Amino acid sequence: MVWLGKQHFRHLLFFAFYQAQKAAEVAWYICNVYGKVVLLQSTSWKWFVKFKNADFEVNDTLRTESTF
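Residue numbers for the sequence shown, in mature numbering (1 follows the signal peptide of the UniProt record, and there is no 0): -23 to -1, 1 to 45.
Here are the simulated DSS-like cross-link-like pairs (lysine-lysine), alpha carbons at most 30 angstroms apart as the crow flies:
| id | residue 1 | residue 2 |
| --- | --- | --- |
| 1 | K23 | K13 |
| 2 | K27 | K(-18) |
| 3 | K23 | K(-18) |
| 4 | K(-2) | K29 |
| 5 | K13 | K29 |
| 6 | K(-18) | K13 |
| 7 | K27 | K13 |
| 8 | K29 | K(-18) |
| 9 | K(-2) | K(-18) |
| 10 | K23 | K(-2) |
| 11 | K(-2) | K27 |
| 12 | K13 | K(-2) |
Because the hints were derived from the structure by calculation, they are not lab data. All of these numbers come straight from a predicted model, not from anything done at the bench.
Using the sequences plus the hints, can you model the full thing?
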């Protein structure tokens, strides 16, 4: 199986959010198709909260290095 990456699953979550599906159901469907280890239910919830708060950015954000 080809590894699809995080962004692919974020797009699936974004699509499901606009289809008014529930985060837990979407996580269940994705895991049934791609395997149980590709998406945690808590990850699905986290992204649905972001989308509800009008944060639709599905790309990884750049992190600044902390200096000690």
